[in-house]
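If you want the building blocks of each chain, they are given just below.
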Amino acid sequence: MSAPLKAGDKFPEGVKFEYVPVTDPDPKSCGMPQEYNASQEFKGKKVVLVSVPGAFTPGCQAFHIPPYLEQYNKLAEKGVDLVVVIAFNDSWVMSAWGKVNGTTQDSKVLFMSDTKTKFSEQIGWMAGMGERNGRWAMIIEKDGSITYAETEKSPREVTVSGAEAILAKL
Amino acid sequence: MSPLKAGDKFPDGVKFEWAPITNSDPTACGMPQEYDASKEFKNKRVVLVSVPGAFTPGCQANHLPPYLKDVDKIKSKNVDILAFIASNDCWVMNAWGKVNGVKGDDILFMSDTKTMFSQKYGWAAGMGDRNGRWAMIIEKDGTISYAENEKSMRDVDVSGADAVLSRL
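Chains A and B, in that order, give the protein sequences.
For the first sequence, counting from 1, position 50 maps to 60 in my numbering; every step adds exactly one.
For the second sequence, counting from 1, position 121 maps to 122 in my numbering; every step adds exactly one.
Hints are not guaranteed to be accurate.
[As the list claims (entries may be wrong)] Okay, the calculated beta carbon distance ranges per label pair: (1) 152/A to 66/B: 39 to 47 angstroms; (2) 166/A to 163/B: 40 to 48 angstroms; (3) 106/B to 38/A: 32 to 40 angstroms; (4) 10/B to 41/A: 36 to 44 angstroms.
Hint data in this document are derived by calculation from the structure and do not stem from the laboratory.
Only a predicted model underlies this, so the values are computations on that prediction, with no experimental measurement involved.
Ideal Cβ placement from N, Cα and C applies to all residues, glycine included.
All chains, full assembly: derive it from the sequences and hints.
So this is what it looks like as structure tokens:
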């Protein structure tokens, strides 16, 4: 297992997530999961990658993701092309969670499953609760360099991984 | 352990994890609690349905909706509890119930990860940890009067609302 990524490192090759693209805003309609080659898709884009311990869970739902959705325009003004939210839940659950939070087909905030290559586990940032991802955020620049990579001291807190902290670093 | 069958008694020590639906907003979280099924089911007629996953095709598309439509018919046959379980955690189960319009406890949505009932006493999906797709009817005295597993995860036949209604 490699050490956590830090500012100055490059986003690694071989990182893949799984997701169900939003084609219908109704969270009861299902889509088919597909592979998302993050290492490839992120090239040439400024990306904020946010990891959470679980979809639909308190803390997570209550005040981590909503600020990212509400303040997306502010993030875009600072050059962010994409926000990707990952967790250990499968891609159907992530898709439904995104939809109940109001994402649509055109949304630049994507909800994906980290079960394909277990990226959060590979970089050593877990929640300490079974297989759950830790709560952290990264800023990845267009050239692949990571300019910010911070994990919460406790999964119950939203400080260094929150939208405010990210906006302050952009 | 082999799957339960008609004539067996519902076992002791079966617990699920449950975040009760207390409001209809799927972005508001529920608080998980232990649900002692072996205790809660005593002296009640129960329909217990297991699915491979919340929010997944097959599941969502044609297993749960017929139960939602027929919940009153099912309850009118002296059924006290209708519960859905899957291997997702209880927060995901809570949200799945809510997005399907479930407002209270007319249908319970619970996580099977506490005591892995489906693996121990039912059937697995053959897809990682996922529960199989099956249904059981448990009578007031704890006897299982119906326990049927789908031949394929993609079918909703013996575990569907129509099949269960015809046996109630």
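Here's how the hints hold up against the structure:
{"no.": "1", "hint": "152/A to 66/B: 39 to 47 angstroms", "verdict": "holds, 45 angstroms"}
{"no.": "2", "hint": "166/A to 163/B: 40 to 48 angstroms", "verdict": "holds, 45 angstroms"}
{"no.": "3", "hint": "106/B to 38/A: 32 to 40 angstroms", "verdict": "violated, 20 angstroms"}
{"no.": "4", "hint": "10/B to 41/A: 36 to 44 angstroms", "verdict": "holds, 42 angstroms"}
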